[in-house]
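> Quick mapping for you: the protein sequence lines, in order, are chains H and W. Note that my numbering has the first sequence beginning at -4, numbered continuously upward. Note that my numbering has the second sequence beginning at 1242, numbered continuously upward.
If you're looking for bench data, these hints aren't it; they were derived computationally from the structure. Treat the hints loosely; a few may be bogus.
Not close to chain W: a few residues of chain H, all C-beta gaps over 10 Å, as computed [claimed, not checked]:
1) Gly8
2) Asp21
3) Ala35
4) Gly52
5) Ala70
6) Asp73
7) Ala80
8) Ala109
Quick look at which bits of chain W chain H covers, simulated, 3 or more residues with Cβ under 8 Å [stated by the list, open to error]:
9) 1252 to 1262
10) 1274 to 1288
11) 1343 to 1353
For glycine and all other residues, C-beta sits at the position ideal for the given N, C-alpha and C.
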Amino acid sequence: METYEEAEALWGGPTLTLKITKSDLDPEAVTRRLRLTPTASAGPGFDPYAPLSGSDGRWFLDSDTSGRASQFTTAAGDLLVRLTAASAAIRDLVDEGYSVQLIVRGYSGPRSTALVAPEVLRRIADLGLPLVVVPSTNER
Amino acid sequence: MTGGPLRWENVSVALIVTRADLVPDEITSRLDWEPAVARTPGSPSAFRPGVGCWVGGYDDSFSTDPHRQLDALLARLSRRATVLAELRAEGCTVQIDIAADVANRAEFTLAPAELATIAGLGLPLSFTFRSAVPNSEAVLDELFPHLKRT
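Pulled out of the complex, with its shape left as it was, chain W reads as follows:
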């Protein structure tokens, strides 16, 4: 294995807002933000079954650097801190999510400054792992850790 730790691929960072009786258009209006996903409650394909879902954020089309995506998202969220607090008070589940294709043991590192900004927003942070093709070298490492390969 060469080149250091494996990286996460096809990363997107998003604000996710869900609530059983969510009206996505209302979230769009109050956040003044065009969503990537706006699903009314009961949609057949759902992150949380039966629950309305609003998703806005950035992906590779904005920047292939996940940290630039995150910086942009956090700036948007900081400007909307008051509305986000109101949504939470009204019973919405609000979270920051980082989604990616991950190979076994692929690493992603959040810098102290990023963590401080996220902590300041008071929102939970989640990671959505889409499995990548199993990494055969990593599987071998787990099965035969005593074998050194170069």
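Bound conformation, chain H alone:
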């Protein structure tokens, strides 16, 4: 059991990302259906610069990465408002077999705490998507 004997420290550069993948994903079709412009996207095929990403087509939309933990709630909230406006189209994609996930990433020091505010959790829960938490332990 964690005994919380060390002082908490915030993690760095937290980002919330919507990630959509499917073997035959057409990025332009997803962009059109969600009426949102992706941060990055790629059609199906192996990317030698991202060998661990697999060969599925992929479409990503990031929250504003101004990078301060204190701004995560605002940045994530802004993204979630945009996703909530597209929630019907997002549900359609899930029903059609697309993998749709929300991903929280951040840089974690030797010990750090990442906080997700109740209002952010509420919006994530309303979207009905899984939330993947991925700390990066490498220094930038």
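Take the given structure of chain H and dock chain W to it, following the hints.
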């Protein structure tokens, strides 16, 4: 790298209650719950320096499946929703925390049903990352992303 994404290790899930003038025994009594940690304000080792801290929850000794730990914790919290709301109204900081040893890029996924239950409780959710031994493969991935290894 094989076997899919890395997992979080030694996970524990907890309710954490802190306040500058916290009386841990009072929290224990009102929640009717034996804490794993009960520290009065000013204890030398402190999550929040100078602040009293009450922690209750589950770890590997209950189940090595973090989702089973979380389900059990959320059931306990749901039964105590009224007291938790009172504690917050009285100025306590109340949060759900998932602590784990994490390697670089090790993933943990919360299911929609888990998120809905947590959102319904209206409590913040936090993650406490204890660094695991640096993952040399992951370091290489960051330095040399163009190198494909099998």
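> The structure should be examined with respect to each hint, and the outcome stated for every one.
Checked hints:
1. Gly8: 14 Å, holds
2. Asp21: Fine: 25 Å to the nearest Cβ keeps aspartate 21(H) off the interface.
3. Ala35: Holds: least Cβ distance 14 Å, greater than 10 Å.
4. Gly52: Non-interface label stands for glycine 52(H): nearest chain W Cβ at 19 Å, farther than 10 Å.
5. Ala70: The claim stands: alanine 70(H) keeps its Cβ more than 10 Å from every Cβ of chain W (closest is about 16 Å).
6. Asp73: Given that every Cβ of chain W is farther than 10 Å from that of aspartate 73(H), nearest at about 18 Å, it holds.
7. Ala80: Holds: least Cβ distance 19 Å, greater than 10 Å.
8. Ala109: At roughly 4 Å from the nearest Cβ of chain W, alanine 109(H) sits no farther out than 10 Å, so the non-interface label is violated.
9. 1252 to 1262: Check passed, 3 qualifying residues.
10. 1274 to 1288: Result for this restraint: holds, n = 5.
11. 1343 to 1353: Three-residue rule met by the region 1343 to 1353 of chain W, so holds; n is 11.
In this structure, the one hint that does not hold is number 8.
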